[in-house]
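2 protein chains.
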Amino acid sequence: MAALPEFDRLRVVLVDTRNPLNIGAAARAMSNFGFRRLRVVNPYEVAFQSARSAVGAADLLASAEKFGSVTEAVADCSLVVGTVSVGPRDLQHTLQRLEAGARLIRDHIASGSCALLFGSEKFGLSNRDLSHCHWLMHIPTREAHASMNLGQAVAICLYELIRDAAAAVKRQAKSPASSAEMERITDTLLAALRASDYPKLNSSVSFHSAVRRMIRRFHMHTGDAEFFLGMLRQIVWKLEKKK
Amino acid sequence: MAALPEFDRLRVVLVDTRNPLNIGAAARAMSNFGFRRLRVVNPYEVAFQSARSAVGAADLLASAEKFGSVTEAVADCSLVVGTVSVGPRDLQHTLQRLEAGARLIRDHIASGSCALLFGSEKFGLSNRDLSHCHWLMHIPTREAHASMNLGQAVAICLYELIRDAAAAVKRQAKSPASSAEMERITDTLLAALRASDYPKLNSSVSFHSAVRRMIRRFHMHTGDAEFFLGMLRQIVWKLEKKK
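Line order of the protein sequences matches chains W and H. Just so you know, my numbering puts 119 at position 115 of the first sequence, and the rest follows in order with no gaps. Just so you know, my numbering puts 207 at position 203 of the second sequence, and the rest follows in order with no gaps.
Excised from the complex, chain W in its bound form (with noise of 0.2 Å):
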């Protein structure tokens, strides 16, 4: 995939943040999907220090903007969204499931920019903080583990924001093997068992079209079934030079 300019729109900010890991593996997450724009509020300074050898994520973190309270952090943004795992907390925003709060979100970074704010790893995002959004979002875990590794809530966040619906199953590229290919196949098999002395070979008038209907249950590709069926050649080849 390739970055959108309309990423530059959104600015992931971390609140509180105590572990360096995290602040890494949220910068490094950002940086795989394209989004450029980290922010982090009042975090554990010895944390945003240590956190700068993120793997990969090294520029973005240099160029992360520090500031004292969300109010300054989100001043810019027209669209402020935070995220909470759901708790007990008696919520009094609009919450929205991860699947369709992205879609929001999307449709916001087109035009507008927008704040999505992760918590700290202890305590989430406080009251005071939520005050701020216009709307909560939760990734749909477990109601009996709810709460999410801040580093991987990030990166699956971005990854929603990044997925294409529309990505399709990717089918084979090789050109299925051909009946005439298959033919071949299933001849020389029954030629190697008629050779090996297989019990059933004669004990059975159906047996020829059990081994055929197999063969084609293989869905051999092209490239397979010539080399499947030099292997049996070989087999037949060494078997009959044994009599």
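Note that these hints are calculated values from the structure, not bench results. Errors might be hidden in some of the hints.
[What the hints assert, rightly or not] For each label pair, taking beta carbons as the anchor points, the in silico distance ranges come out as:
(1) 22(H) x 48(W): 35 to 41 Å
(2) 6(W) x 212(H): 29 to 35 Å
(3) 183(W) x 62(H): 54 to 60 Å
(4) 211(W) x 130(H): 37 to 43 Å
(5) 135(W) x 239(H): 29 to 35 Å
(6) 75(H) x 75(W): 56 to 62 Å
(7) 9(H) x 115(W): 52 to 58 Å
(8) 168(H) x 221(W): 30 to 36 Å
(9) 104(H) x 223(W): 17 to 23 Å
In this text, a Cβ means the ideal position worked out from N, Cα and C, and glycines have one as well.
Let chain W serve as the given structure and place chain H on it in line with the hints.
For chain H alone, kept in the frame of chain W given last:
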């Protein structure tokens, strides 16, 4: 979301993992999304032991199965899928984008078992590991920075398996304010402006309409309309008292 019975037909297989944090992160994401069957192949022993403290996933890690080879780890699975980041490697397999590959996996685990393989942090899956796979899957990352953190990659693959394409955008449940409520607000705001000697009030015949339109654009719900009207009435009371 709730874990579905077929989720137990998926085995997450971590091959040659070195970092205990990654084993723990994989286990945590599995638990978040309701997958329970973790298999580790040839893990660095210390890593496997240290990982057992992963947040909320201790049971899952305690029941993880350890294998000496990929052959053994996938023996009971009828579909084996390898995850790769798209690199320079010349792949011999069909490569599916995650969105499409996850559909194939979901279809398969409705009745059969599937092993989903993740390689080591440094080298990914080896060509030998890949030879066990029916096809390969990749997360659509940027080519310039394709390689993801292992724990994040596991989390994203599992999320794609549980995501609900039909999840709808939730509209605000609260009923929108009625025209009568909005008209009361409009009138009270105009009264406040009049009492404040707001200059434009008498200069433009269309000013009243402009205020009315603005109030409608606020898309208030009933509760907020009442809340806001109370504030305006208090302001008007104070302004008129001061005269």
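Hint check:
Restraint check, residue 22(H) to residue 48(W): a C-beta distance of roughly 27 Å breaks the suggested window 35 to 41 Å. For residue 6(W) paired with residue 212(H), a C-beta distance near 51 Å fails the hint of 29 to 35 Å. At roughly 56 Å, the beta carbons of residue 183(W) and residue 62(H) sit within the given window of 54 to 60 Å. About 41 Å separates the C-beta atoms of residue 211(W) and residue 130(H), a value consistent with the hinted range of 37 to 43 Å.
Checked against the given bound of 29 to 35 Å, the beta carbons of residue 135(W) and residue 239(H), roughly 22 Å apart, lie outside it. Checked against the given bound of 56 to 62 Å, the beta carbons of residue 75(H) and residue 75(W), roughly 57 Å apart, stay inside it. Judged by the Cβ atoms, the range 52 to 58 Å given for residue 9(H) and residue 115(W) is violated: they are separated by roughly 44 Å. Taken as a hint, the range 30 to 36 Å holds for the pair residue 168(H) and residue 221(W), whose Cβ atoms sit roughly 34 Å apart.
Checked against the hint of 17 to 23 Å, the pair residue 104(H) and residue 223(W) passes, with Cβ atoms roughly 19 Å apart.
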